[in-house]
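One letter stands for each residue in the lines below.
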Amino acid sequence: MTLLADLILMPLVAFVVGLLLVLMARRVRAKIERRVGPPFLQPVYDIVKLYAKKTQVSHGVMHDLAIMMLLGGFITAEIFLPVPGLDGLAEHGDLITLVYIMMVPMLGLALGVGSCANPNGSIGISRALTAMLAYDVPYVVVIVGACISYGTTNLIDIVQIQQQGGPATWGAATMPILAFAGLLATHGMLGKEPFEIYIAPAEIATGPMTEMSGKYMGALFVMQCFQLYTVGVLYTTMFLGGGENWLFFLPKVFAVIFISVAVTNVYGRYKTDDVIRWMWKWPTGIALVGLALVMVR
Amino acid sequence: MTLTAHHVVLPVALPLLVAFLLPLVGRLSDGLARLLAQLTTLAVAVIALLLWPAASDGGALVSAMGGFAAPIGIVFYADKLALMFVVALAVGLLLFRPRREHDSTKVQTLWLLLLAGGSGLVLSGDLFNIFVFYEITAVATYGLGASAHTGAGYGASLRYLLLSALGSAFALLGIALVYAAAGTLNLADLSQLAGERLTGPMGLTAFVLMVLGFGVKAELFPVNTWVPEVYTAAPTRVTAVLAGVVSKLAMVVILRLLVLLFQDPAALGFLLLLGAIGVAAGELAAFRSRDLHRTFAYSSIAQLGLMAVAFSIPGHAGVLAGIAVALHHLVVKPAFFVLADRWRGEIAGLTGAGRTSPLAAGLFVLLSLSIIGIPPLPGFWAKLMLFKAAIDAGGAGNLTAVAIILAATVIEAAYLFRVVGILYGTAPAGRPPLRFTLGELAPGLLLGAVLIAATVSVAPLGDGLTAMAADSADAAAYASRVLPGGN
Amino acid sequence: MPFALPFDMTSLDLLMAIAAAATVLLYLFGTARLGGYLATLLHGAALAVTVAMGLDLAAGAGAIPSSLRLTVLGQQLAWTLDGLGWFFLLLTTGAAFFSSWYMAGEWGRVQQRARIQHGTLALNVLTMVLLLSAGDLLGLFIGWEFVSWAAFAMMIQAGGPATQAAYRYMLYALAGAMALFAAILVVHGAAGGFGFDQMRAALPDMSTGMLWTLFALFAGGFGVKMALVPTHLWQAPAYSYTPGASSAFLNAVSARMGLFALILSLVKLIGFDTLAGLRIPMTGIESTDILAWVAAITMVVPTYIALMQTDARMLLTWHGIGQGGYMLLGILVATPLGVAGGLLHVFNYATYQMALILAVFAVIHRTGTADLDELGGLITRMPLTYVALLMGIIGLAGLPPMNGFVSKWMIYKALIVTQQPLLSIAAFVGTLGTILSVYKLIHNIFLGQLRVEHREIREAPWSMTLPMLVLAGIGFVTGFAPGLALSIVDQAQAAMGVALLPHHLGGVVLATGSLNMLWVVGVLVGAIGVGALIFYVLGNRRFETHQYDNYAGGHFLSADIRYHFSHEFYPGLARVIGPWYRGWVVRMEHGLGVLAEVSGDLWHGVFRAAYTPLYVLIVAVLGLFWAGGAGGFGS
Amino acid sequence: MSDTTPVIPDQPEVCRTVDAEERGVWRRVMDRFADHCRARSLFVLHYCTGCGAIELPPTITSRFDMERVGVSPMVTPRQADILLITGYLSVKTLKRVILSYEQMQSPKYVLGFGSCTINGGMYWNSYATVKRLDQYIPADGFIAGCMPRPEAVQQVFLDLMKKIDAGQANAWQDYYLNYDRYLGNQMALFGEEWHTPVDVIAEAEHYGYVGDGTRGRFTEILDRHAAYALRDAPEDYPERGANERLLP
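Protein chains in written order, with this note's numbering: chain F, 1 to 297; chain E, 1 to 487; chain Z, 1 to 635; chain S, 1 to 248.
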């Protein structure tokens with residue numbers, strides 16, 4: 001019964017928190033640009049509006065399936081990502097599983113975009129996958145380092161290990177260099193400037209989203225909520241000690257995303273090759289140093 | 001009909017006699033001469049086969065010329081090894097009797113001389129006689145080498161003559177040194193004296209000279225420069241016999257020298273060195289060559305090198321390996337030359353030839369696989385025996401030789417299967433297809449069949465060869481059989 | 001066996017008989033109208049026998065001997081199959097069954113020489129049976145040569161570029177075989193025989209140098225077949241140009257024979273303990289570390305070469321090389337988890353790679369090309385093939401819910417648990433490259449714009465789609481319930497002498513993080529169901545439009561406009577890593593060829609010496625000088 | 001020009017027809033909710049046809065900050081709700097505008113910006129510009145002036161939002177219901193060969209927006225060469241063109 005509650009609650013919580021994260025991101029951006037920014041319910045309006053479109057143009061069954069894979073993948077990811085009070089199925093799949101489950105929606109999106117037969121979309125996916133390769137290399141180093149440091153890949157255990165001694169045992173304290181590299185990789189993962197060449201609205205017409213309309217676009221908006229949430233929570237879980245309760249937990253998640261969003265607005269956009277070069281040079285280099293420290297210890 | 005030791009002379013005497021008669025008969029009728037020559041060859045084969053049971057009973061048949069026993073008399077020694085090669089020679093000569101356009105009474109005469117000389121080489125138990133038969137063989141070969149009546153043929157033959165003549169001189173010098181040291185030329189006698197008189201620089205010098213001398217015919221490394229020229233320029237059937245059989249006869253002589261006279265590690269090492277270099281040189285040169293005749297000629301050099309390596313391994317394991325390699329090569333190489341006969345010229349020009357004559361191409365693949373040493377074909381077992389012998393004997397030289405042979409095998413496969421690839425390529429349009437007539441291909445097919453039969457019956461064959469090798473490698477037995485009263 | 005066999009036959013005898021009969025029968029009747037189905041039947045029978053053998057082994061039969069015995073030149077040759085061999089045998093007969101099924105219908109009918117394809121396939125199975133059940137080193141070598149040449153026969157039949165590729169393969173394979181020959185000779189020298197037991201008994205007395213030699217020769221010889229870098233160049237073209245089902249067979253199992261032999265020689269015969277004792281002096285680097293790094297490089301480099309391919313077959317076969325690295329790496333971890341992961345990956349790889357290759361050949365069958373720049377949009381024309389390919393690439397990329405994820409998870413996990421961070425990073429990085437590459441594959445073939453010339457294309461016939469769908473289905477089922485496949489792996493692991501990995505139907509329970517695929521896949525499927533529910537319930541009905549109703553900045557699209565992104569699919573990546581492809585292995589290979597040519601030239605020159613008498617005199621003088629030296633003139 | 005005469009309606013028709021589905025209370029509540037959200041989330045297509053585009057940056061950025069009311073720019077017609085025609089339309093541009101409009105998903109709104117979209121403005125006598133936008137696509141509102149200020153732009157957005165909230169911004173339905181008329185006008189301008197890849201009639205049929213004016217004499221012309229759809233391409237459909245990449 002608890003499990004059933006977990007199964008239902010975890011994605012819902014993720015969605016709601018995700019909406020707030022999206023709102024925060026847009027508000028922060030507005031503030032930096034000296035604007036007022038959107039109203040509180042703007043993320044909801046957008047999603048409802050998109051779902052409420054009266055015509056919904058599809059480019060074939062794969063386009064539809066992609067949307068299902070997109071949502072399904074993230075819902076699954078949320079269920080395997082433990083949060084305070086809700087462990088879900090985290091003991092049946094570990095950090096590695098989670099990382100790969102998070103790729104399922106990516107693959108789904110890629111397939112759906114491909115079946116739209118729009119080269120802008122394909123170029124976008126090509127760039128998105130390249131960017132994924134770029135930021136996942138440091139991220140993988142970080143994950144491996146963290147797992148070796150904790151001696152387990154079980155997320156519940158990772159959280160417990162960090163909570164033993166307060167902030168002193170947080171990953172960010174025990175392996176600060178890895179945590180910093182992880183933050184850089186996380187930023188790339190969010191696809192914010194300067195790593196948003198795959199969206200590039202003026203060049204490739206928002207790439208993967210080119211042919212997305214109505215509820216297809218709506219699903220992408222939902223995905224954005226999930227993505228912000230997942231990335232934030234995962235980082236919090238790995239390095240910021242998770243949270244004993246939501247009161248301590250959520251601020252950490254918001255902080256992680258906030259850092260990223262706050263930094264984003266001062267950047268232009270890197271070319272794809274520069275994304276790779278940067279990601280493979282700095283975050284990877286830093287992460288390898290962190291890894292070396294972990295191994296030496 | 002049972003034959004006894006006295007008949008051992010027949011394989012030598014009969015063709016020699018007929019060879020002298022043949023020009024006379026040829027005056028009457030070419031056809032009759034040819035018939036006579038071939039009947040003689042057949043007879044030699046039959047005689048050798050009939051001698052076989054007697055030889056296997058007693059280990060060997062020994063015949064002393066004119067009743068003078070060894071060491072004074074001239075001895076013929078027919079063990080199974082020798083008889084086998086006599087049969088092989090006779091059968092080879094029959095199988096590859098000259099094509100009509102190259103045929104004449106003269107050629108038939110040379111053919112018979114070759115038979116007589118070759119049989120004498122393996123049967124003779126006396127060093128000087130061996131030299132005489134070696135010369136007869138050589139002379140016959142010069143003539144046959146030029147029997148295509150082409151400029152290239154004469155040139156190659158002349159070149160061969162020069163080399164061979166020098167080689168004979170060396171061999172003679174070596175024999176003289178042996179005589180000087182031991183005072184006898186009877187092999188059995190020498191084998192008993194070798195331990196004390198043929199060691200040291202004198203013996204080694206004699207050995208080196210003889211190896212270089214006989215090595216000309218045995219295609220041993222430094223003195224085999226005639227091989228590619230002659231094998232390319234001579235009529236292919238002559239080449240088939242020379243490469244397939246005659247070279248082995250010289251090798252058997254070297255084997256006898258080794259087993260009976262020079263069990264010195266230095267001598268063995270010398271042969272190992274020559275053999276190993278021969279393998280590498282032959283395969284590499286074959287890799288470079290661009291027409292089939294040359295390729296096979298070089299490959300033949302490498303195979304003879306393999307034999308030299310085998311014989312250089314002391315004990316009967318090496319002898320066994322050497323005989324196995326020899327027999328295998330004896331079957332495979334003539335068949336290769338049968339194919340080369342039709343597929344002349346640049347290899348690159350053979351594109352698609354395999355599709356017009358699938359049987360020939362199939363035969364080529366079979367022979368290639370065997371010569372590379374792919375199980376379960378006989379070539380594999382031969383190489384396995386060689387390697388086993390080398391490894392069991394140990395020593396850096398042997399191991400290096402094994403490594404060289406293994407590497408050379410890859411090169412061998414490279415050039416042979418390069419040809420296979422070309423054979424099965426798509427022929428350019430408009431070129432007349434190269435087709436074999438069944439008659440042309442028949443000897444090759446026959447040898448291919450022998451190969452397959454050998455594959456199937458490799459176990460009994462192996463047992464037979466082991467016994468033969470053990471016998472051949474036994475110097476004491478040789479001596480005891482030849483010398484009256486034994487020792 | 002569940003039933004009694006006549007003439008005291010063992011099940012291995014029966015299998016050999018079936019395989020031999022299949023070879024002959026199919027070579028004779030493979031082209032006949034029902035020849036293809038005869039083939040399927042025969043291979044099906046072989047598969048059934050294999051499964052029955054598995055039941056016997058699971059019941060504790062130990063090993064299944066063959067009555068076939070030969071004594072050649074004093075060498076005893078005997079064949080017997082243990083759990084390890086059986087595991088690979090199952091893959092072999094399974095792959096042959098699916099391959100022949102694929103060939104049975106329309107595919108076989110349009111082939112020029114179906115007879116040869118069927119015949120060589122059966123021949124390959126026969127030779128693999130002989131290899132897998134080899135009872136001693138000599139038998140192993142003979143089986144090895146058989147397998148190599150049978151594969152060569154399979155590869156060369158297509159002609160054209162296949163000839164060159166097969167020739168290259170043959171040279172590599174033969175070089176490998178010669179290394180193996182050398183290895184067994186070394187063993188013979190030390191142990192006095194070719195028997196496995198003799199070798200084991202002689203091991204303790206072997207010097208370190210000899211062990212290193214053996215290790216290098218075995219790893220090198222068998223590594224060639226697995227296409228371990230730097231001996232990998234042959235594999236992709238050789239497998240790619242082999243026609244259809246044969247290519248799938250080769251991809252699925254042929255290279256795995258190398259792995260089998262490596263396991264046999266290094267793990268079963270030499271053993272992890274001995275290998276671990278083999279260290280480079282002063283560094284502490286173990287022999288297995290070297291091999292593990294070779295495996296890691298094999299995992300990464302060929303994967304990124306695959307990424308740059310424009311031919312679907314080449315792309316997949318290059319990945320095949322990379323996947324081999326995962327298997328080897330897993331086994332070299334030498335913990336039960338790692339070994340099970342490596343072996344499981346062998347099984348999983350066979351299922352998805354076959355499905356992928358078969359799907360690609362179905363596309364070739366219909367469109368006549370595998371050029372990734374010449375296809376696109378086939379999803380509407382060939383949906384079933386698409387499904388098979390999709391499931392295949394998910395497996396190849398190692399994502400849930402397919403089985404490829406499970407085995408890769410075990411390998412990552414084993415590497416992390418044994419604290420080998422760099423190797424685990426290499427494993428992850430290989431997977432990332434695979435994801436990019438397989439997306440390009442499926443995108444360029446099935447997604448994007450459909451070409452006008454492919455408008456009339458029909459789905460591949462059932463005889464072709466069914467095998468690949470079944471294979472993809474196996475991939476899904478063993479991803480959902482990896483315990484099924486792990487039970488099969490147990491047989492091999494037990495025979496290897498490695499402790500078994502405790503597992504349940506859904507995966508493994510470990511103290512350091514467990515995996516239960518029943519939950520993962522169950523939730524994933526359920527969540528996708530929820531996604532579907534959201535999709536269908538919320539929002540208006542979908543309206544399916546056509547590919548020319550598409551955003552093009554206001555431009556009007558029509559069929560004469562190619563509106564498709566396929567060529568150089570990852571330009572940004574290519575700009576970064578493109579210069580890293582130095583092709584040094586290619587240049588090394590070329591250099592070897594040049595070396596052979598030049599030394600050939602040299603010797604060729606020697607044999608054309610012009611002044612023969614002078615030459616011979618020089619030779620004689622040298623010989624005499626040597627004789628003097630060796631004979632001791634000086635002393 | 002052909003014999004197809006342009007059909008210019010004197011008065012735009014009242015566009016509100018009630019869906020059969022909209023009767024139930026639940027549907028009404030949902031519709032109300034949807035309209036509420038629609039009004040508060042408006043994506044404007046980044047498609048700037050004329051000089052009026054210059055007024056958009058201030059409208060969007062910090063001076064006036066349209067995001068306050070949920071208006072944000074979008075890039076492709078698929079994602080957009082509002083097509084803002086910022087000024088004059090040349091004949092050539094109109095073709096693209098029509099295609100973009102058809103590719104937008106309903107409910108979709110068109111706003112004419114500046115005098116040019118109302119009566120041709122300063123280009124009233126040009127041979128190459130369109131005088132009245134709403135003859136070719138249904139418009140929901142216009143902003144008069146040359147140039148209108150950003151305040152005016154804001155005002156029209158706010159008006160539109162009110163209309164949407166009230167469920168009255170339904171000009172988009174008119175395009176389905178009277179497609180033949182719009183098509184006729186388009187054909188009068190572009191010739192009989194005119195067609196877009198978008199199958200408006202099929203969409204109307206699929207979603208039940210077929211009215212008496214959906215089909216007519218002009219859509220019959222369209223049917224004759226409506227071969228863009230892959231599934232019913234005729235034999236003589238253009239094959240691969242010259243822009244095909246040549247193989248070596």
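No lab work stands behind these hints: they were computed from the structure.
Worth double-checking, as some hints may not be accurate.
Simulated crosslink set (PhoX-like; lysine-lysine; CA at most 25 Å straight-line) [unchecked claim]:
#1 S:92 to F:54
#2 F:54 to S:131
#3 F:192 to F:281
#4 F:271 to F:281
#5 F:192 to F:252
#6 S:92 to S:131
From the structure, some residues in chain E lie toward chain Z, with a derived Cβ separation under 8 Å [stated by the list, open to error]:
#7 29
#8 46
#9 223
#10 288
#11 289
#12 349
#13 351
#14 376
#15 388
#16 394
#17 411
#18 462
To be clear about the criterion: a stretch of chain F counts as covered by chain S if any three or more of its residues have a C-beta under 8 Å from a C-beta of chain S, and this derived list gives those stretches [what the hints assert, rightly or not]:
#19 28-36
#20 53-64
#21 202-214
Here the structure is a predicted model, which is why all the values come from computation and not from measurement.
No residue lacks a Cβ here, since even glycine has one placed at the ideal position from N, Cα and C.
Against the structure, the hints:
no. : hint           : result
1   : S:92 to F:54   : violated (29 Å)
2   : F:54 to S:131  : violated (30 Å)
3   : F:192 to F:281 : holds (19 Å)
4   : F:271 to F:281 : holds (15 Å)
5   : F:192 to F:252 : holds (19 Å)
6   : S:92 to S:131  : holds (13 Å)
7   : 29             : violated (40 Å)
8   : 46             : violated (30 Å)
9   : 223            : holds (6 Å)
10  : 288            : holds (3 Å)
11  : 289            : holds (7 Å)
12  : 349            : violated (17 Å)
13  : 351            : violated (11 Å)
14  : 376            : holds (7 Å)
15  : 388            : holds (6 Å)
16  : 394            : holds (7 Å)
17  : 411            : holds (6 Å)
18  : 462            : holds (4 Å)
19  : 28-36          : holds (count 5)
20  : 53-64          : holds (count 5)
21  : 202-214        : holds (count 9)
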